[in-house]
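> So the chains spell out like this:
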Amino acid sequence: MGVSILAIIYIIAAVTFIMGLKMMSNPASARKGNMIAGVGMVAAILGTIFLYRNPDGGLLQNHIWIFAAIAVGTLIGVMAAKKVKMTAMPEMVSLFNGLGGASATLISVIEFNHLADMGFPVDASSAGTLGIIFAGVILGNITFSGSIVAWGKLSGKFKDFAFKGQHIINLLLLGASIALAVFIISDLQADTTTMLFYVVFMLSLVYGIFFVLPIGGADMPVVISLLNSLSGLSAACGGFLYDNKVVFTGGILVGAAGTILTVLMCKAMNRSLVNVLIGSFGGGGKSTSTGEQGQHKEISLNDAAVVMSYANKVLIVPGYGLAVAQAQHACHELEKLLEAKGVQVKYAIHPVAGRMPGHMNVLLAEADVSYDKLLEMEQANEEFPTTDVVLILGANDVVNPAAKTDPGSPIYGMPILDVELAKNVIVNKRSMKPGYAGIENGLFFRPKTSMLFGDAKKALQDLCGEIKSL
Amino acid sequence: MEAVFHWISANEQMVYILILVIFLGFIIISRVPTVLHTPLMSHANAISGVVIIGAIIVMGRAASDNYVALILGFLAVLLGTINVVGGFVVTDRMLEMFKKKKT
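Protein sequence lines, in the order shown, are assigned to chains A and B. Read in order, the letters of the first sequence correspond to residues 1 to 470 in the working numbering. Read in order, the letters of the second sequence correspond to residues 1001 to 1103 in the working numbering.
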């Protein structure tokens, strides 16, 4: 009876995962979708603890340990999730993702030990099982170490790091892990099996580090999405090992969803996935000569306030600078002030602005900006010709004209926001330093452009002050 | 080669699930607007924490004197829980802000 009930719980849980993902496609239903999948997950977990039966018919033991781990994990998870600032969201997601990968690796290690205790019975099914164990270890480890590196890079703890021939070494590392795994499976009875297993373990861990380290700036969102997809696949390996269909379905679902999301993001940047992975975007320190650097001109706060107050339409282009400065509330304040003066204010959101797709949408939503005001790239590009002032807040690469004009530039071919079609462009930046991708931006030297230096939050607050006193 | 065929036929159900779910995942996600990409990633991330069920089974099966399995299993359940709980809560926090605002 209990086993049948558990099977039904698993089926319902799998359905909630699919429903949850589906409901994420609309802002109105997304939150409910997240909760439904959450309820399904809790049901599946509790069902497993109390109803699961081993092949020999026994119930699960060690309840105290299991509940202790769940209690501590819940406490840490809730604390971390509640405490994290909206601006640090990408790092947090990356870190959670890495922990999931580690969990999948640990399961594979335990199952390997289990097989080792049985002396590696030589038959087709144990070779297949071992193959899945290796897949779980390799995928789980890449997810874990890659996500930790991504977390460190996004939170500014690690720097980009690349050396010549790194891609070749990466390929060798991955190739060696897989070749070793195949070798071990081909001769299970060898004395070296256990030792080599841990060699594969280490190789894949190192591969994860080297895989993410050289990937720079603008490509980070793509990598996080890819790692998310890998963590799904590593979970699916765990599901396969226990012939557990809900874990398998959930894992594959995330793997497929993550893969397609990764491809969509690459498309948004007009680059192929291979190009992102071996392109070493911005990490290689390739300097591009734009040849058009000249004088930039500055604008005073007062002038900026006047230009914006008397405009008909202002489009704000937010970027990572807005996120670091926590300037989203000040930005909304400015929007309200300008609207009170009859100025139409909208936001132009580039698909990869910030460190994660939709990063800006989340930030602005936090500051109560209505999402009707957020224009996607195509809509925004239609509106720029009728716009009086474009205010760029800490965005750089997504408005760099080199993407259209300079075939030698690493971002050549990426669709950008055509801010130059507007009458005036005001750029707020902390300094003239190039953006995260390390590329000079010719936009800053154009006649239409004026620079407003300073931290985005402070500049916006001062701007609000000026507009009030006009 | 024969071993591979045999393995596939022995796991026929799983192979069916694999193929169908891949298509399902592709279709569901191709319709998500850019606005929701960050919460979507975070939501998918929470779902991938479903591996915790595997971790619970491992732990529940371990003999009470097999300390290696118990400790590794404990860690796996702990990390998996952080992934699941943190993932869902963070997603909820993000989505809470997407409520339609009146201006």
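Check the hints yourself; a few may be wrong.
The calculated label-pair distances, taken between Cβ atoms and stated as ranges, are [as the list claims (entries may be wrong)]:
(1) B:Ser1009 to A:Phe161: 19 to 25 Å
(2) A:Ile178 to B:Val1068: 22 to 28 Å
(3) B:Phe1026 to A:Asp303: 19 to 25 Å
(4) B:Phe1005 to A:Ser155: 47 to 53 Å
(5) A:Lys433 to B:Val1015: 49 to 55 Å
No lab work stands behind these hints: they were computed from the structure. All of these numbers come straight from a predicted model, not from anything done at the bench. Even for Gly, the Cβ is constructed at its ideal location relative to N, Cα and C.
> All hints are to be evaluated individually against the structure, with a verdict given for each.
These are the hints, each one checked on the structure:
| no. | hint | verdict |
| --- | --- | --- |
| 1 | B:Ser1009 to A:Phe161: 19 to 25 Å | 47 Å, violated |
| 2 | A:Ile178 to B:Val1068: 22 to 28 Å | 27 Å, holds |
| 3 | B:Phe1026 to A:Asp303: 19 to 25 Å | 51 Å, violated |
| 4 | B:Phe1005 to A:Ser155: 47 to 53 Å | 48 Å, holds |
| 5 | A:Lys433 to B:Val1015: 49 to 55 Å | 53 Å, holds |
Checked against the numbered hints given earlier, the structure breaks hints 1, 3 and satisfies all the rest.
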